[in-house]
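Work the whole structure out from these sequences, hints included.
All residue numbers for the sequence shown refer to the working numbering, where the first residue is 810 and numbers rise by one.
Be a bit skeptical, because a hint or two may be false.
To be verified - Now the in silico label distances, taken between C-beta atoms and shown as ranges:
1) 975 / 859: 37 to 45 Å
2) 938 / 1291: 50 to 58 Å
3) 1162 / 867: 41 to 49 Å
4) 1291 / 853: 49 to 57 Å
Everything labelled a hint here was simulated from the structure, so no lab data went into it.
Computed from a predicted model, the values in this text were never measured in an experiment.
Beta carbons are placed, not taken as given, at the ideal position from N, Cα and C, and that holds for glycine.
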Amino acid sequence: MTVKYPEVWDLDVLFPGGSESQELRVHMDETGPKLEEFEKLSAKFEVPTKAEDARNVAEVLEAVKETMLHLRQSGAFIGCLMAQDTEDKKASLLQSESSSQSARFSSALQKIQQDLTRTDDEVWNALMEDDTLKEFNFVLNEWRDKARLLLSEKEENLITALSMDGYHGWSQLYDMLVGEIKIKITVDGQEKTMSVGQANNLSSHSDAGVRKESYEKLENAWAEKEDFFAKTLNSIAGFRLETYKKRGWDNPLQEPLQINRMKQQTLDAMWGAISKNKQPFVDYLNQKAQLLGKDGLEWYDVDAPVTESTQTFSYQEGAEFILEHFKKFGPELEKFSRTAFEKGWIEAEDRPNKSPGGFCTGLPMTEESRIFMTYSGSMSNVATLAHELGHAFHSHALRPVHQINRSYAMNVAETASTFAEMIVADAAVKNASSDEEKIALLEDKIQRSVAFFMNIHSRFLFETRFYEERKKGVVPASRLNELMEQAQIEGFGGGLKSTHPHFWASKLHFYITYVPFYNFPYTFGYLFSLSVYAKALEEGAGFEEKYMALLRDTAVMTAEDLALKHLGEDITQEAFWEKGIALCVKDAQEFISLTSSAD
810 MTVKYPEVWD
820 LDVLFPGGSE
830 SQELRVHMDE
840 TGPKLEEFEK
850 LSAKFEVPTK
860 AEDARNVAEV
870 LEAVKETMLH
880 LRQSGAFIGC
890 LMAQDTEDKK
900 ASLLQSESSS
910 QSARFSSALQ
920 KIQQDLTRTD
930 DEVWNALMED
940 DTLKEFNFVL
950 NEWRDKARLL
960 LSEKEENLIT
970 ALSMDGYHGW
980 SQLYDMLVGE
990 IKIKITVDGQ
1000 EKTMSVGQAN
1010 NLSSHSDAGV
1020 RKESYEKLEN
1030 AWAEKEDFFA
1040 KTLNSIAGFR
1050 LETYKKRGWD
1060 NPLQEPLQIN
1070 RMKQQTLDAM
1080 WGAISKNKQP
1090 FVDYLNQKAQ
1100 LLGKDGLEWY
1110 DVDAPVTEST
1120 QTFSYQEGAE
1130 FILEHFKKFG
1140 PELEKFSRTA
1150 FEKGWIEAED
1160 RPNKSPGGFC
1170 TGLPMTEESR
1180 IFMTYSGSMS
1190 NVATLAHELG
1200 HAFHSHALRP
1210 VHQINRSYAM
1220 NVAETASTFA
1230 EMIVADAAVK
1240 NASSDEEKIA
1250 LLEDKIQRSV
1260 AFFMNIHSRF
1270 LFETRFYEER
1280 KKGVVPASRL
1290 NELMEQAQIE
1300 GFGGGLKSTH
1310 PHFWASKLHF
1320 YITYVPFYNF
1330 PYTFGYLFSL
1340 SVYAKALEEG
1350 AGFEEKYMAL
1360 LRDTAVMTAE
1370 DLALKHLGED
1380 ITQEAFWEKG
1390 IALCVKDAQE
1400 FISLTSSAD
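Listed below in structure tokens is the structure:
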């Protein structure tokens, strides 16, 4: 008998009672003394002067692990509360408290990292050779290198303290502003009041009128509050740039590249290869416009279905489809994902007051994940679900690894998720029962290429140019609209008839303060995962073990070294990226061929 998978996640097994949970209150109250102990340990920690100090460093790492686990458990849970109900005011207060605790931890950790930078090179090398620290070599060296780029401990602590009500406070304000937006849209003859997330899901509705109405009403909502969003974005960027200036950093990309453990040369090679290969995707957009009976593709038609009988899946059917094809890749991925479905780790229900978008978060103390999305039955939703399960599986693969060695960067995080998504997307195309269905599924696959090569590129272009202008002063909403439109025209290769001027206001990613430039890692992950996927197809079911070995290395290697070790590739060269792009071009060409013959 098939198990019925719940569409609402189970948070009570973690802390019963949601934002009113007594267990959560106890957990957060216990965090205070833990933080105090860690702060005392940090204050007492001294610059290592001899090889024997390795034991002290190992003890500090254990304390870092324990404190971090406690903070991340409550932080992830509160993030889930905020996402499932944007009107949960208590959760918002808890988030502020959690952020404050995290800031204290960061300050204490920074002091330790600063001390490590002052360690004599000869002593440092001896420490790295000690058996108790060998497994932490990469992370410790990274801490030391990063700390050398920072200001003094006192100055960095001040920045961290001020960021809570300044920098991160602006990000929280954005979430609140978006949560308050409600859109009235007529769907199937009925007027419905929707959250931003629900309205965004209508971008792939079969009715052109519904797509247009949802786009225009959302655009009006962003326009009505554009000054609020412009103030928020400028304040986040201003804080960031002023911090960089004080540290002597001129390039706004220095921090995101450092966070993603990759070189500028790698990023330039990736965008260079993409910029040279956009025409097949412009041809696809033009073909789609013709299929929709238009002389050019509007922004709100990018996700439109091109066949009348686009297949839909109930949540249960979507889950079973994912599990069926994950099993063909490897037993561990299928087994893990089935557990996630059965135990209610996934919040998928389509209802009001949920945050827009989707995410996966880890709860390290219980070694569980939670996945958030709004599922409405499209193949795109099924792919998103597979994508987030890929993130969760990445955490699962890292379970044998020490917590200190589990902090992987966003670019390689997107590799695991996109890999899982591709398993499902490829299977859907291959299993198509008719040309019409194949066209619909193939297009869903191509839309991801359009998203990563065009939409994400336009976001990157916008953000880099915005930061250059922000250095000279505040950038008004009208100019942000212009920058956004220019970036979209370039990013989409002129393949769209209209643009989305307020996209900068609508996209949460521009307002995330913990990870700057929340865009290019997606494209990196997409193309990098294509190489991993090609190896998986070549080697068959036995590849899963090698794949998990790659995932376990993601937190202890640079992106360049990871590719060299597990793929034998030099990712600082355009040639590597062009291989992946070529596979995506084939999809676009096949779509054009099939739809041309359909005419």
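Hints and how they fare:
1. A beta carbon spacing of about 41 Å between residue 975 and residue 859 agrees with the range 37 to 45 Å that was offered as a hint.
2. Checked against the hint of 50 to 58 Å, the pair residue 938 and residue 1291 passes, with Cβ atoms roughly 56 Å apart.
3. Evaluation of the 41 to 49 Å hint for residue 1162 and residue 867 yields a pass: the beta carbon distance comes to about 47 Å.
4. Checked against the given bound of 49 to 57 Å, the beta carbons of residue 1291 and residue 853, roughly 54 Å apart, stay inside it.
Violated hints for the displayed structure: none, as all numbered hints are satisfied.
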